[in-house]
Amino acid sequence: MNNSLFGFEINVWFDGLARLGLIVGVMTVVAMGLIYGERKILARFQQRIGPQKTGPFGLLQSVADAIKLVGKEDLRPTAADPWTFELAPYFVFIPIFLGFVSLPFLLDVNIRLLELGLLYFIAVSSVNIVGWVMAGWGSDNRYAMIGGMRAAAQAISYELPLVLSLVVVAMLAGSLNLKDIVEGQAVVPYVVWLPLAFVIFFISTLAEMNRPPFDIPIGESEVVGGPFVEYSGIRWSMFMLGEYASLWILSTLTAAVFLGGYSWPFGEDLGKGYQLLLMGAKSGLYIFVVFWVRASIPRLRIDQLMAYSWKVLLPLSLAQVLVVGFVRVYELPDVVLTAAGILGLVALVSITGRAVASTRRLPGAARTMRSEAA
Amino acid sequence: MVASPQATPEHEFETQDLLINVGPQHPSTHGVFRMVLTIDGEVVKDVVPYIGYLHRGAEKLCETMDFRQGIGFMDRTEYLAAHNAELSYVMAVEALAGLEVPERAQWIRTILCELNRLSSHFMFLGAFGIDVGVFGTPFIYAWREREAIIDLFEEISGDRMMYAYFRPGGLAWDVPLNFKERVREVLKSTRQGIRDFDELLTQNEIFRARTEGIGYISAEDAIDWGMSGPSIRASGVPLDVRRDEPYLKYAELDFDVIVGENGDVFDRYYCRMLEMHESVKIIEQCLERLQPGLIVPDKMPRMLRAAPGEVYIRTEAPRGEYGIYMVSKGGNRPYRLKVRSACLSNLQALRQMSVDQYIADAIIVLGSIDIVLSEVDR
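Protein chains in written order, with this note's numbering: chain S, 1 to 374; chain E, 1 to 378.
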């Protein structure tokens, strides 16, 4: 049983190992690049310069940080549960890492193109929450525990709209194979037919990655880093690597599932270089928006977060599934989808304010200020 | 943290409340403040504040210093609005020593105090932005505006934080020649900065959702706790020393006292925001009326001696009423000095404002009363 890697025929196990090794290396470099990019972009938003002293334009800052983190002492609180505490980073990191397996980076560039790739991705992407809860529980720190519990609540709530908006795509594409999904968008990317699903997916991925405004589990100003509060050195950097790896994965998935991947708008006949540019641009756009949101939006409160998921995102994504089902069964034109999606977006925007607004707002409190003359 | 030990059927669903210790090393306690929260899930059931980590005995130390040396200690009690703190102190000394402050010095004092109010409120806006969870952006924006004001202070007094520029009788020295132009320059950037903040925070849907209706305190309770400054004005009490008992040149100036209605976190935030517009207005009027002249009285005594007696001077500092109670038995130093700290009184109401709110709300309630721990502990 042989498989081909870069044109060479090699044993299937070696092939798997080689691809895994490749992805570990590439992922580390990309994560470092993302950290550098985030620091630079956030700095621009905040009228700062960002890293600039380490290497040309501060490019080596992430490398320096990595060396520093590896060199740090691996501390463990005396009262922490040794197994849970020390294994938690792996439970966060490995599921994220497994998510790379089915991703279609470029045409025929992937680890394993699974027939049920989307389903596989959904399955593994939600496992890492176990690691968060382990880290929260095992640290024997109350901040960490609150953070871990928040992470669990958040993951359960936001997994549903995330999955439902991917289900919609699978219904439209008629396949769970990510390659087929990308190639189904050669003419029109799915974001045109499914604008609502795209927006819901984007919001849910923010919550999935615990990025602002959904960084409630790690909320720096409340629970001081949540589950990570007791971690240091290499274990902490594994959490961070996991965070940026999942940012990369989700950006690639967004590009592949909604934005036409390497296929739209030029088709698949162009060379790998163009495809790389396309994918880079699309996932780069996603990543940029994520950073942008981080720079400008305050954190939600835990009850608002839950209310937003269960009262707004979930009903709308269920409605979306219903609409796509109708369109597929009765073979209506795809424009109906766009119209329904835009209608849904309007609903999303108008409900959002009401659902998230404080439930304990004072009755009849008009929001006015009066000023008394001196 | 653990389930109740009595696992008998009648106790089966009982849960224990969890104590969490916020501070003194927590990032959002604005200094070395500690509060122990009793939480039930995410809801705060009780708050016990602990203060005193920054107690340096400034009041007692001032009794051993002569009047000019005490100014430096007042700077250090209220380091975000040192001009305002100095002002109360020097006004107390002036009242005891019977000094008449020249016109020009009074106008300059008014300008500097209002500028200090602006810089202090910018600091509040920035720190509050971090409390509600924006990563750094409001903080750096606030820092940019604050920096312009602090640079101006440095040009005037030679120091960026502890100015010691107000002296009993007037000022340490006159302001630079380009003072008026520089202040106008700073005000221009300040006006833009306030507008930026309005767009960044006030108009943000999530910010509104996080702050409206949170940390409510009624006007009666606010009065009972002895709150002052924007914290009490947000509850609808039009209390402003600048208008009620005008000092310096405030009686001749035209400005409004901003009063909120709901007494929640948003009103406390927005009161400060609107107050900054008033400060800009005040400074502009002062600049127009600032004339050349003396900055200390003509017949300033070589050795400052206060008459026996006692005096209480209160002024409107950015955080509320900053009062100085000074007892003199003659001589060149106070017999007793007591600082009435606005922050300490405002902090008393913390428990009432944050009970039955979420943990995240307790943090922003603490942020919304804008404490400076060195003023609380002194």
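Heads up, a few of these hints could be off.
To be verified - Listing some non-contacts, in silico: residues in chain E with all C-beta distances to chain S over 10 Å:
1) Pro49
2) Arg144
3) Ala164
4) Gly323
5) Asn332
Said to hold, decoys possible - Think about it this way: if two alpha-carbon atoms lie no more than 20 Å apart in a straight line, the pair counts; the simulated SDA-like pairs of lysine to any residue are:
6) S:Lys40 to E:Arg144
7) E:Lys60 to E:Val311
8) S:Lys40 to E:Gly136
9) E:Lys45 to S:Ile41
10) S:Lys72 to S:Leu87
11) S:Lys40 to S:Gly280
12) S:Lys40 to S:Trp292
13) E:Lys299 to E:Leu61
14) S:Lys311 to S:Gly280
15) S:Lys40 to S:Gln52
16) E:Lys45 to S:Arg142
17) S:Lys179 to S:Val167
18) S:Lys311 to E:Glu205
19) S:Lys40 to S:Val29
20) S:Lys40 to S:Val293
21) S:Lys179 to S:Lys72
22) E:Lys45 to S:Asp303
23) E:Lys329 to E:Arg68
24) E:Lys188 to S:Gln47
25) S:Lys40 to E:Phe139
26) S:Lys40 to E:Trp143
27) S:Lys72 to S:Gly225
28) E:Lys338 to E:Arg34
29) S:Lys53 to S:Gly33
30) E:Lys338 to E:Arg76
Source of the hints: derived by calculation from the structure; they are not laboratory data.
Cβ atoms here follow ideal geometry from the backbone N, Cα and C, with glycine treated the same way.
We went through each hint and held it up to the structure:
no. : hint                 : result
1   : Pro49                : holds (17 Å)
2   : Arg144               : violated (6 Å)
3   : Ala164               : holds (30 Å)
4   : Gly323               : holds (20 Å)
5   : Asn332               : holds (37 Å)
6   : S:Lys40 to E:Arg144  : holds (18 Å)
7   : E:Lys60 to E:Val311  : holds (17 Å)
8   : S:Lys40 to E:Gly136  : holds (14 Å)
9   : E:Lys45 to S:Ile41   : violated (40 Å)
10  : S:Lys72 to S:Leu87   : holds (18 Å)
11  : S:Lys40 to S:Gly280  : holds (18 Å)
12  : S:Lys40 to S:Trp292  : holds (12 Å)
13  : E:Lys299 to E:Leu61  : violated (29 Å)
14  : S:Lys311 to S:Gly280 : violated (35 Å)
15  : S:Lys40 to S:Gln52   : holds (9 Å)
16  : E:Lys45 to S:Arg142  : holds (16 Å)
17  : S:Lys179 to S:Val167 : holds (16 Å)
18  : S:Lys311 to E:Glu205 : holds (17 Å)
19  : S:Lys40 to S:Val29   : holds (16 Å)
20  : S:Lys40 to S:Val293  : holds (15 Å)
21  : S:Lys179 to S:Lys72  : violated (42 Å)
22  : E:Lys45 to S:Asp303  : holds (16 Å)
23  : E:Lys329 to E:Arg68  : holds (17 Å)
24  : E:Lys188 to S:Gln47  : holds (19 Å)
25  : S:Lys40 to E:Phe139  : holds (17 Å)
26  : S:Lys40 to E:Trp143  : holds (19 Å)
27  : S:Lys72 to S:Gly225  : holds (18 Å)
28  : E:Lys338 to E:Arg34  : violated (24 Å)
29  : S:Lys53 to S:Gly33   : holds (16 Å)
30  : E:Lys338 to E:Arg76  : holds (15 Å)
Violated hints, in rising order: 2, 9, 13, 14, 21, 28; the structure is consistent with all others.
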